[in-house]
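**Q** Each chain, letter by letter, is given below.
There are 2 protein chains.
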Amino acid sequence: METEKVKIAIIGFGTVGSGVAKILQENAEEITHKTGLQLKLAHVVDMDLVRPRLVTLPEGMLHNDLEKVLSDGEVSIAVVLVGGTDIAGDIQKKLLAAGKNVVTANKALLAERGEEIFETARQHHRCLAFGASCCGGIPVVGAIRTGLTANRISTMYGIVNGTCNYILSEMSESGKEYEVALKEAQAAGFAEADPTLDVNGSDSAHKLAILSLLAFGQKINYYEISTEGIENIQLTDIRYGRELGYVMKLPAIAEQTDKGLSLRVHPSFINENEPLAQVSGPFNAVSIFGDAVGHTSYYGRGAGMMPTASAVVADIIDVARGNAQRVFDTTPTLGCMTKSALMCPPEEIVSRFYLRLTVVDQPGVFAQIANVLGERKISISACLQHESESSDRVPVVIMTHLARQGDMNQAREDMDKLDIVKEKTVCIHVVTPPKDG
Amino acid sequence: METEKVKIAIIGFGTVGSGVAKILQENAEEITHKTGLQLKLAHVVDMDLVRPRLVTLPEGMLHNDLEKVLSDGEVSIAVVLVGGTDIAGDIQKKLLAAGKNVVTANKALLAERGEEIFETARQHHRCLAFGASCCGGIPVVGAIRTGLTANRISTMYGIVNGTCNYILSEMSESGKEYEVALKEAQAAGFAEADPTLDVNGSDSAHKLAILSLLAFGQKINYYEISTEGIENIQLTDIRYGRELGYVMKLPAIAEQTDKGLSLRVHPSFINENEPLAQVSGPFNAVSIFGDAVGHTSYYGRGAGMMPTASAVVADIIDVARGNAQRVFDTTPTLGCMTKSALMCPPEEIVSRFYLRLTVVDQPGVFAQIANVLGERKISISACLQHESESSDRVPVVIMTHLARQGDMNQAREDMDKLDIVKEKTVCIHVVTPPKDG
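For the protein sequence lines, the chains are A and B, in the order given.
In terms of our numbering, the first sequence is residues 1 to 437.
In terms of our numbering, the second sequence is residues 1 to 437.
What the hints contain is simulated information worked out from the structure, not anything from laboratory work.
Since we're looking at a predicted model, the values are computed, not measured.
A hint or two may mislead.
The list makes no distinction among identical chains, and a pair is therefore deemed to hold if it is satisfied within one copy or across any two copies.
[Unchecked claim] Taking lysine-lysine and the DSS-like style, the derived pairs with C-alpha atoms no more than 30 Å apart in a straight line are:
(1) Lys93 x Lys377
(2) Lys22 x Lys417
(3) Lys259 x Lys22
(4) Lys22 x Lys219
(5) Lys93 x Lys259
(6) Lys435 x Lys417
(7) Lys417 x Lys377
(8) Lys5 x Lys40
(9) Lys40 x Lys422
(10) Lys5 x Lys339
(11) Lys5 x Lys22
(12) Lys40 x Lys68
(13) Lys259 x Lys7
(14) Lys424 x Lys435
(15) Lys22 x Lys339
(16) Lys435 x Lys7
(17) Lys5 x Lys422
(18) Lys94 x Lys377
With the hints as constraints, model all of the structure from the sequences given.
**A** This is the structure we're talking about:
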């Protein structure tokens, strides 16, 4: 069979960039055999020319001059692995304008400035491939864009941030405090030196924005995603949750409701028997519900050098085959060709809730709490109070049935005004993915 | 955005065919919005023109004349949902020769006569898309062909037959006998009137052949897959397995070993904590291990009208976009362009085993058994013997450490020759998917 040569540049020679170079070197023969493509690395651009990396490049391949890539007419694909949303965006736009197709793993850029980047690609009749931007090596972007295209997607539940999942797993399984688990995640390479974007939920929200753009076929405004991180999660709540049969996760949730599309990221209790509750450590999983296919789920390593590099190289191949361009050209949500999704206001979502109140131990306390909840039509499904040594600060844990978020917000305000309530009430969502079968 | 009209014919208007027509009718707008394609059903061909179906077709669309499709120059895609390997193959070849691209869910045909069909497509510069042939709506074919292309795949473990999984789940969870569970599966629509191909493992082997062709990039001879079904599984073994912490499944296994590629389907005990052990009822799951990506897994409904139709329509879209053709053209294993895989001889595979011996209850029995195993260098990892009322037929259950299949075969022969062994020894594989993380 004839083979076709494809010249590639990598911009950003960090962890993932090194992994991509490694795959292109080590699996070259396998890839050519399976696809008929010879993927030839021509340039690797980085500011740092001396730091030792995982792979050894031929003399002269590593340089710091983006212009050389822009002016090399033989390079058809540029892999941009530069983080952030400013310079990274400018680099991508320059490359597209110079006629290069762009493969990227930068979820923040696509979530926050996607429309601008996608429009630049269209203007120059080029495409962007970004399978590596969500969930590392798990081919979930491809699944939504090709495998599930026939479906109206109603719901997605994803554990899409390995750092948070690792921290929550360690807190839950080994009883570590948040700060300890975070430090360990950093030592193990599962968390960045500055973990803010991971632990505050932004990274999950970025991925949710990208997946939703593809799944729901409407423009998504990243800034409308209601996002809450895990920084304030207390071990005591994880323990009470477990006692009631629930595991704490940070799911990214997309749900078509009769009030619009609800997109949200927040710490949530999930029943311990749900498959998503069993996704532990740095792993990711996404459950997608379609009207024809029912429930499908995708699992694997959501980050790391080689898993992410696997997705980048898959995208290189998809671009080289010409397939990425065709899908890009006919996907109206990549750019400004569709209307914005009607978003469900946060207070209109319906959820179960976990509440932990700190109250004084005296007769009639529970009646007062139940009263406040009852006024907002929130009914209690379970409660838990252990015997306490102190009588002026006793924790009472309540699980509710389904309730409007707005009603719950009101009820919390009312409860916290009661004399018997001594601290701000902790409120955590309890989520239940749809049943299939 | 401009839209493109694509005319489609469905050959075979049974369960899945009706599901495809339903999606094309009901989700037409959604599909056009997401892909820019207008999928127009032009012909539905079936011998039975009167049976009521799920969908109502426009007057004249349903007919029994394949020639009308062959001669309709506007039809570019034929969806062939005719079962079996004889007539179905001839129909596919005729359609390809007439210039139609073919979408099919017929795994038996592709596993047994794939080379001939694929070569016909190549000869006429057309393509076949067969994502629906494996695991219903789970986009696992697409994952291997595009999402994981950068990887050398080492191992696949799949629960790919919903009928067997339903039966084994019912036996395991509700203690039903095989015959009872099979009848229930038939009543619930999870098993055919003639369930032979499902329960004897052939259906799983068909799917394994197709997935392996894509995963390992070499020609696969379906008839070399060592295949054993669940027809002879006894409830008593399922119970002993559970007692030891194992769940009975029928996995399809592909494994690169240093003796070649091992492809096999056999009833197996899987540790109850493994994710695959938790796939229950009619669901399917496939775990794939790649050198870069590590462990990824895909889960969903492996059969049924709408899940399979979801995959068929995804393939129609992939063909209409032109993407299926490009992947088909550059996949050397679809046809006779590659050499055959070097297969690992069955006796060379290494596995753990579960043995149930029926022995007389007398001193020295266990020593004799252990002796026979020891001679073949098979060591025991666990054993189980309950107190028995009878003394001439006592069951002894043994779990072994890893052993060569050939050695185990010899040991069984030797054991069954012992005077103390009163019935043929039951031997079931105990499989352990690779660890990742």
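**Q** Would you mind marking each hint as holding or not holding in the structure?
**A** For each hint, the structure was consulted:
Proximity of Lys93 and Lys377 under a CA criterion of 30 Å is satisfied in neither setting, with 52 Å inside one chain copy and 64 Å between copies. When the C-alpha separation of Lys22 and Lys417 is checked against a cutoff of 30 Å, the pair qualifies neither within a copy, at 60 Å, nor between copies, at 55 Å. Taking the shortest Cα distances, Lys259 and Lys22 sit within 30 Å of each other only across copies (27 Å), while inside one copy they are farther apart (48 Å). Proximity of Lys22 to Lys219 under the C-alpha cut-off of 30 Å is restricted to the inter-copy arrangement: shortest distance 27 Å between copies versus 36 Å within a copy.
Proximity of Lys93 and Lys259 under a CA criterion of 30 Å is satisfied in neither setting, with 37 Å inside one chain copy and 50 Å between copies. Taking the shortest alpha-carbon separations for Lys435 and Lys417, neither the intra-copy value of 38 Å nor the inter-copy value of 52 Å comes in at or below 30 Å. When the C-alpha separation of Lys417 and Lys377 is checked against a cutoff of 30 Å, the pair qualifies only within one copy, where the shortest distance is 18 Å, while the shortest distance between copies is 73 Å. With identical chains, the CA atoms of Lys5 and Lys40 are at most 30 Å apart within one copy only, with a shortest distance of 7 Å there and 37 Å across copies.
With identical chains, the CA atoms of Lys40 and Lys422 are never at most 30 Å apart, being 66 Å at best within one copy and 65 Å at best between copies. For the homomeric pair Lys5 and Lys339, the shortest alpha-carbon distance between copies (23 Å) is at most 30 Å, but the shortest distance inside one copy (40 Å) is not. For a Cα distance limit of 30 Å, the shortest separation of Lys5 from Lys22 inside one copy, 18 Å, qualifies, whereas the shortest one across copies, 43 Å, does not. In this homomeric assembly, Lys40 and Lys68 come within 30 Å of each other (Cα to Cα) only inside a single copy, at 16 Å, whereas the closest approach across copies is 48 Å.
Proximity of Lys259 and Lys7 under a CA criterion of 30 Å is satisfied in neither setting, with 48 Å inside one chain copy and 36 Å between copies. Taking the shortest alpha-carbon separations for Lys424 and Lys435, neither the intra-copy value of 34 Å nor the inter-copy value of 44 Å comes in at or below 30 Å. Within a single copy, Lys22 and Lys339 get their C-alpha atoms only as close as 41 Å, which misses the 30 Å cut-off; across copies the closest is 27 Å, which meets it. In this homomeric assembly, Lys435 and Lys7 never come within 30 Å of each other (Cα to Cα): the closest approach is 47 Å inside a single copy and 36 Å across copies.
Taking the shortest alpha-carbon separations for Lys5 and Lys422, neither the intra-copy value of 70 Å nor the inter-copy value of 66 Å comes in at or below 30 Å. Within a single copy, Lys94 and Lys377 get their C-alpha atoms no closer than 56 Å, and across copies no closer than 65 Å, so neither meets the 30 Å cut-off.
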